[in-house]
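There are 2 protein chains.
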Amino acid sequence: MENFDFWCGTRIIFGRGTEKQAGEAVSMYGKTALLHYGGGSIKKWGLYDRVIKSLNEAGVKTVELGGVRPNPTYELIYEGIKLCREHSVDLILAVGGGSVIDSAKGIAVGAPYEGDVLDFTLKKAVAKEALPVGAILTLPAAGSESSQYAVATHEVDGYPYKRDVVWENFHLIRPKFAILNPELTCTLPPFQTACGICDIMAHVMERYFTSVKNVELTDRLSEAVLKTVINNGRVVMKEPENYDARAEIMWAGSVAHNDLLGTGRQPDFASHMIEHEISGIYDIAHGAGLAIIFPAWMKHVYKNNLDRFVQFAVRVWNVDHNFYSPEQTALEGIEKYEKFLKEIGLPTRLSEENIPADRFEEMAEKAMKPGSIKKMTAKDIVEIFKLAS
Amino acid sequence: MENFDFWCGTRIIFGRGTEKQAGEAVSMYGKTALLHYGGGSIKKWGLYDRVIKSLNEAGVKTVELGGVRPNPTYELIYEGIKLCREHSVDLILAVGGGSVIDSAKGIAVGAPYEGDVLDFTLKKAVAKEALPVGAILTLPAAGSESSQYAVATHEVDGYPYKRDVVWENFHLIRPKFAILNPELTCTLPPFQTACGICDIMAHVMERYFTSVKNVELTDRLSEAVLKTVINNGRVVMKEPENYDARAEIMWAGSVAHNDLLGTGRQPDFASHMIEHEISGIYDIAHGAGLAIIFPAWMKHVYKNNLDRFVQFAVRVWNVDHNFYSPEQTALEGIEKYEKFLKEIGLPTRLSEENIPADRFEEMAEKAMKPGSIKKMTAKDIVEIFKLAS
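Protein sequence lines, in the order shown, are assigned to chains A and B.
Read in the working numbering, the first sequence has 118 at position 118, and its numbers run on one by one without any break.
Read in the working numbering, the second sequence has 221 at position 221, and its numbers run on one by one without any break.
Among the hints, erroneous ones may be present.
Identical copies carry no separate label here, and so any pair may be met within one copy or between two of them.
[To be verified] Computed cross-link-like contacts, DSSO-like style, restricted to lysine-lysine with a CA-CA straight-line distance of at most 27 Å: (1) Lys375 with Lys44; (2) Lys176 with Lys369; (3) Lys31 with Lys176; (4) Lys53 with Lys124; (5) Lys123 with Lys82; (6) Lys299 with Lys176; (7) Lys128 with Lys386; (8) Lys366 with Lys44; (9) Lys20 with Lys128; (10) Lys31 with Lys366; (11) Lys44 with Lys299; (12) Lys31 with Lys123.
Quick caveat, the hints were computed from the structure, so don't treat them as lab data.
Every value quoted in this text rests on a predicted model; they were computed, and no experiment measured them.
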């Protein structure tokens with residue numbers, strides 16, 4: 001086990017009707033909030049009204065900024081920064097999914113900084129302070145509600161770079177609180193639900209697939225999260241309004257990415273980085289992109305740490321270990337994972353999303369290249385794209 | 001799953017040599033620390049010197065208060081409160097095990113309070129503020145280093161009440177940071193190691209044994225912690241200096257009691273409350289008391305939620321489920337647990353500790369009486385004492 005520094009202070013307010021606690025949670029940090037959201041869906045189901053009511057009752061004034069789109073960009077972040085300065089905002093309250101929360105995090109580090117917030121992602125400066133962020137989650141997937149990560153897209157010479165908003169002092173952007181009401185997720189369409197499930201599992205697996213040994217506790221905790229998401233994922237695809245199953249997935253989504261499961265180990269994160277190139281360029285949901293890339297990455301790298309893929313097969317997918325052929329066991333695990341993705345309605349090939357091969361080399365070149373199971377090269381990434389075709 | 005509010009902000013600084021980061025961690029909260037510890041053991045292995053060096057380098061002044069004994073009392077807490085006021089202490093740095101950290105927590109809520117700190121445990125007042133507490137852990141067991149709980153003993157009419165230091169606003173006493181270096185635990189004697197293992201498992205099981213349904217994520221996370229502690233517990237009893245096994249147990253000990261595993265469910269905590277009466281009166285380690293009480297409690301209550309005890313047997317102890325007799329399966333799980341406790345050298349009967357039956361009724365009467373599997377009565381507790389005899 002490796003040394004680590006784990007500091008997750010996000011308060012989780014979880015359960016039915018908890019959006020009514022927004023006012024109380026926000027008012028611990030001040031009296032003016034920037035209410036940040038996406039399209040109109042939060043107004044459709046009455047969530048917006050309930051949040052505004054709670055904020056009003058707690059004496060919190062709001063400034064609003066809607067319009068965040070999937071794969072958030074810096075245009076809206078700049079607008080949010082301007083609003084925060086003009087109105088002396090004390091906290092940014094993100095109401096939505098990962099894109100909204102990531103956008104809020106960008107605003108949070110940008111607001112108190114005199115220079116261009118892009119300096120942080122371009123590694124020209126290190127963030128030293130940030131406004132506090134709170135979240136009311138509507139889509140369990142990105143885990144951004146209690147994670148210290150945020151991703152936004154900026155263009156250089158026409159290429160969309162989907163990159164981390166900060167590379168140091170990550171803890172500055174970890175939300176102070178997250179309100180998680182599973183009821184809000186019962187109306188999510190099946191495809192979005194499935195994309196969320198895939199993203200949550202990917203966050204666990206990026207950490208699970210490590211070359212660091214003697215990490216039994218986090219291995220077993222990771223397997224616990226994966227099994228729970230698989231079991232309850234199957235339930236919600238059949239019974240979208242099953243509160244308990246939605247609750248399991250929602251809480252699992254936060255635990256999956258708050259870094260508890262990364263303690264003491266080196267994560268891999270190759271699949272996530274490769275996928276960011278795809279959803280940066282093509283109009284594809286991040287979760288769907290992961291469903292295509294992750295199995296291909298597995299097929300490309302499993303021989304680099306066969307034991308780990310055998311463990312994944314046996315412990316997560318209940319594969320009967322073939323002691324004569326561990327490789328067969330490992331492959332059966334990957335197969336079961338891919339079948340599950342199909343079962344919940346996700347694509348597992350680039351061709352299903354009409355993504356052509358013509359930019360494979362370009363994306364492979366531009367992509368970040370981490371890796372614990374196997375340090376990626378551009379050549380590896382092209383191979384993975386081919387396996388995913 | 002039930003609604004919950006989970007807020008664990010303790011920063012975990014984990015791994016080899018991490019006590020050298022004490023100065024940096026403390027100085028985030030001020031420049032004067034009360035260094036709180038037990039007997040001389042922290043001086044024996046050089047830990048004291050390394051901590052003082054780190055504090056000095058960070059410009060932190062220290063006031064010292066040693067002498068905490070197992071089952072801490074209020075006398076030393078009063079002394080600590082006095083020192084904090086005299087020296088305008090900014091943070092209390094507990095160096096030791098659960099007793100030292102619990103004592104530090106008592107000092108922390110007492111220092112800023114004008115009245116008697118006992119008011120909080122006697123429910124005459126509610127704590128509103130506290131000094132920050134930091135911990136350098138030397139004995140993985142109590143989980144106090146990242147928990148919001150503390151227990152201390154006060155006497156009334158000659159009876160030692162071992163009770164919670166606060167009953168509300170628990171978050172005030174949760175440590176701001178905890179430094180966990182597994183190397184420091186490699187020299188722990190076998191009996192103390194075993195008591196710690198038993199206490200850690202008990203913290204998980206008190207939450208695991210709930211009557212709340214649809215808590216799959218926390219069930220599986222709990223099973224993950226238990227299996228890890230069992231596996232690595234066996235290793236450290238044979239190889240006391242196995243760093244990785246010590247590390248698994250140390251990190252598991254924090255996760256076991258920071259309340260992650262209690263999210264969405266009602267805990268039981270009957271065994272802990274019953275045990276507090278025993279170690280309050282008799283000279284017995286808390287972990288050894290739990291090894292005696294917990295199996296007896298199980299035998300007394302398992303029929304109240306047979307399914308849960310079957311799950312415990314199958315998932316934690318790998319018992320082959322006897323579908324013809326679930327009761328047999330449940331009993332085999334309890335038996336395996338008790339055998340494990342004996343295997344690591346713990347007593348499982350009161351008689352082994354020469355604890356007589358003459359105060360059973362008195363202890364049963366005085367004990368707190370929680371319970372999720374079965375709400376305890378004095379009669380239940382006497383039965384449990386008899387089963388443990």
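Hints, verified against the model:
{"no.": "1", "hint": "Lys375 with Lys44", "verdict": "neither (45 Å within a copy, 44 Å between copies)"}
{"no.": "2", "hint": "Lys176 with Lys369", "verdict": "neither (31 Å within a copy, 35 Å between copies)"}
{"no.": "3", "hint": "Lys31 with Lys176", "verdict": "both (15 Å within a copy, 26 Å between copies)"}
{"no.": "4", "hint": "Lys53 with Lys124", "verdict": "neither (41 Å within a copy, 35 Å between copies)"}
{"no.": "5", "hint": "Lys123 with Lys82", "verdict": "within (22 Å within a copy, 49 Å between copies)"}
{"no.": "6", "hint": "Lys299 with Lys176", "verdict": "neither (39 Å within a copy, 43 Å between copies)"}
{"no.": "7", "hint": "Lys128 with Lys386", "verdict": "neither (42 Å within a copy, 61 Å between copies)"}
{"no.": "8", "hint": "Lys366 with Lys44", "verdict": "neither (39 Å within a copy, 55 Å between copies)"}
{"no.": "9", "hint": "Lys20 with Lys128", "verdict": "between (32 Å within a copy, 24 Å between copies)"}
{"no.": "10", "hint": "Lys31 with Lys366", "verdict": "neither (43 Å within a copy, 47 Å between copies)"}
{"no.": "11", "hint": "Lys44 with Lys299", "verdict": "neither (43 Å within a copy, 53 Å between copies)"}
{"no.": "12", "hint": "Lys31 with Lys123", "verdict": "neither (33 Å within a copy, 33 Å between copies)"}
When the structure is compared with the earlier hints, violations turn up for hints 1, 2, 4, 6, 7, 8, 10, 11, 12 and for no others.
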